[in-house]
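So the sequence shown is numbered by the numbering used here: it starts at 6 and just counts up by one.
Simulated from the structure, these hints should not be mistaken for laboratory data.
Remember, it's a predicted structure, so these values are computed and weren't measured experimentally.
The beta carbon of each residue, even a glycine, is placed where N, CA and C say it ideally should be.
Please note that the accuracy of each hint is not assured.
Claimed, not checked - Straight-line distance between alpha carbons at most 25 Å, and here's what the computed SDA-like set of lysine to any residue pairs gives:
hint, residue 1, residue 2
1, LYS200, LYS59
2, LYS32, LEU171
3, LYS202, LEU166
4, LYS59, LEU171
5, LYS32, ILE123
Unchecked claim - Ranges between beta-carbon positions, derived for each pair:
hint, residue 1, residue 2, range
6, GLU173, CYS75, 34 to 42 Å
7, VAL35, GLU118, 17 to 25 Å
8, LEU83, VAL176, 18 to 26 Å
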Amino acid sequence: MSIFEIAEIFGIIAFALSGFYIGAKEKLDVLGIFIAAFLTALGGGITRDTIADKVPYTFTHIMPTFLVICVVIFAIFLKLNRHDKLEQTTAFVVSDTLGLVSFAISGSLVGIEAGFNIFGIIMLSLITAVGGSCLRDILLNRIPFFLVSEFYATVSIIISLAMYVLSEFGVISFFSSLAVFIAGVVLRLLAYYKKWKLPKLG
């Protein structure tokens, strides 16, 4: 299994759960919850692959769709929608963090494989990491989460820069990518619990 596939699996599972919770919180019906989960988990990757002139990974592999369906059914079975404070629990924060970091890495890898420059790699990483949740929030008439959250999208930018440097030195491997993954998770969790925020105007 490639680094890309491992990152995709982690990201899809984590963000499908995030989409499920937001859909349940907005009191959507079952179909609406599935759509919210699919958009959150797969929307960024589809947009990423389209920009990179690739057939979307989701459309050529059954695994992404299967994972989302399993996560939603599992969440319904456990009645996770009844936990009002789920979004603030450590389990949810860690899960969302794993999704963010995993997708930031997979987006960077697609950009590197496509031969994009540093700006293109950063944009693909950002789109993969926050694109799905952005589409979901727009559909639900919410301000996209990454625009108002603490140090969220910034983590994906830092990860993409790290992956770009590894690529330039020709040392992208499972272990170097794992090191970036761990560093990204630690950075995101520190930012969350220390409440780091980017400065605002006014």
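Exercise. Holds or violated: are the alpha carbons of LYS32 and LEU171 at most 25 Å from each other?
Worked result: With a Cα-Cα distance of about 44 Å, the restraint between LYS32 and LEU171 is violated, given a limit of 25 Å.
For this session: For the pair supplied as a hint, LYS59 and LEU171, confirm whether the alpha-carbon distance does not exceed 25 Å.
Result: The hint holds at about 23 Å.
Exercise. Taking 18 to 26 Å as the hint, is the beta-carbon distance of LEU83 and VAL176 inside that range?
Worked result: Taking Cβ atoms as reference, LEU83 and VAL176 lie about 41 Å apart, which means the hint is violated.
Exercise. For the pair supplied as a hint, LYS202 and LEU166, is the alpha-carbon distance within the 25 Å limit?
Worked result: holds (20 Å)
Exercise. Is the hinted range of 17 to 25 Å satisfied by the C-beta distance from VAL35 to GLU118?
Worked result: violated (37 Å)
Exercise. Within a Cα-Cα threshold of 25 Å, do LYS200 and LYS59 meet the stated pairing?
Worked result: Given pair LYS200, LYS59 is violated - Cα atoms ~38 Å apart, limit 25 Å.
Exercise. When you check the alpha-carbon spacing of LYS32 and ILE123, does it fall within 25 Å?
Worked result: Answer violated: LYS32 to ILE123 is near 41 Å, above 25 Å.
Exercise. Measuring from beta carbon to beta carbon, are GLU173 and CYS75 in 34 to 42 Å?
Worked result: holds (38 Å)
The structure does not agree with the numbered hints 1, 2, 5, 7 and 8 stated previously, though it agrees with the rest.
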